[in-house]
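Protein chains in written order, with the working numbering: chain A, 1 to 120; chain B, 1001 to 1114.
These aren't lab readings, by the way, just hints derived from the structure by calculation. This one's a predicted model, so the numbers in the text were calculated from it and none came from an experiment. Using N, Cα and C, we set each Cβ at its ideal position, and we do this for glycine too. Hints may be right or wrong, so weigh each one.
[As the list claims (entries may be wrong)] Mimicking DSSO-like on lysine-lysine, the simulated pairs with C-alpha atoms at most 30 Å apart in a straight line are:
1) B:K1009 <-> A:K112
2) A:K55 <-> A:K112
3) B:K1014 <-> A:K112
[Said to hold, decoys possible] Looking from chain A toward chain B, a few residues come up when the C-beta cut is under 7 Å (computed):
4) R43
5) Q44
6) M45
7) F91
8) A107
9) F110
10) G111
11) K112
12) G113
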Amino acid sequence: AQTVTQSQPEMSVQEAETVTLSCTYDTSESDYYLFWYKQPPSRQMILVIRQEAYKQQNATENRFSVNFQKAAKSFSLKISDSQLGDAAMYFCAYRTRLGRVSNSGYALNFGKGTSLLVTP
Amino acid sequence: NAGVTQTPKFQVLKTGQSMTLQCAQDMNHEYMSWYRQDPGMGLRLIHYSVGAGITDQGEVPNGYNVSRSTTEDFPLRLLSAAPSQTSVYFCASRTGQGRQETQYFGPGTRLLVL
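Start from the sequences and build out the full structure, keeping to the hints where you can.
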């Protein structure tokens, strides 16, 4: 079974600084997808960024970028120029195939999350 | 589009009661799923559906039933609520295939079982 590990329960960063959130995963698949989701106090799950394993280039979305190390099974999220609105829980997720139903879709396998605090 | 909607936002149940958590999406997505989120945990898959009339179990299905009579709706039923089912429940729907896949989450239903 695939597992996703986020080793940092909490992180803190000052406004305008850069912070990196860690994520490692375990899989025997060669083609898969990785995601970072943000969950603010409203509890809404918001997709931050996605990475396709077949792509060597790291994904970027404005101030958010990833460091994807496929051999090491590592997928960290870097937030640059941190803003107060970035404060939230951040979840790393791996997309796995469900497989028991024909034409089955995929489920997201989540880590336990990292709580990010942004200080003025 | 309203996206993925869930009702109620918050519910208190007594042990042994049954209830249905509602989920609807207006994006014509074939794939829908239910997750639960417990304190200190990520989301875990309860049940999913790949289209009307087709459902299957996820990682933690015990104590829950689902049905999918229409593309739009995917209700989650608690048959006999237990305190262990106290959690926040998220419904999600997915568009696209393969590399174009994007999953949308509802706002969540917070359930407290006494």
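Right, here's what the structure says about each hint:
1. Between the alpha carbons of K1009 of chain B and K112 of chain A the distance comes to roughly 23 Å, so the proposed pair stays at or under 30 Å and holds.
2. Of the pairs offered as hints, the one joining K55 of chain A and K112 of chain A holds, with about 26 Å between alpha carbons and a cut-off of 30 Å not exceeded.
3. Under the criterion of a C-alpha separation no larger than 30 Å, the hint pairing K1014 of chain B with K112 of chain A is consistent with the structure, at around 28 Å.
4. For R43 of chain A, the interface hint holds, since its Cβ comes within 7 Å of a Cβ in chain B; the closest pair sits about 5 Å apart.
5. A cut of 7 Å between beta carbons decides the hint on Q44 of chain A: the least distance to chain B is about 6 Å, and the hint holds.
6. This hint holds: M45 of chain A has a C-beta 4 Å from the nearest C-beta of chain B, less than the 7 Å allowed.
7. For F91 of chain A, the suggested interface contact is upheld, since its CB lies about 5 Å from the closest CB of chain B, less than 7 Å.
8. Because the closest C-beta pair between A107 of chain A and chain B is about 5 Å apart, less than 7 Å, the hint holds.
9. A distance limit of 7 Å between C-beta atoms decides the matter here; for F110 of chain A the minimum to chain B is near 3 Å, and the interface restraint holds.
10. Using the Cβ-Cβ criterion of 7 Å, the hint placing G111 of chain A at the interface with chain B is satisfied: the shortest such distance is roughly 5 Å.
11. The criterion of a C-beta within 7 Å of any C-beta in chain B is met by K112 of chain A, whose closest approach is roughly 5 Å, and the hint holds.
12. A least Cβ separation of about 6 Å between G113 of chain A and chain B falls short of the 7 Å threshold, and the interface hint therefore holds.
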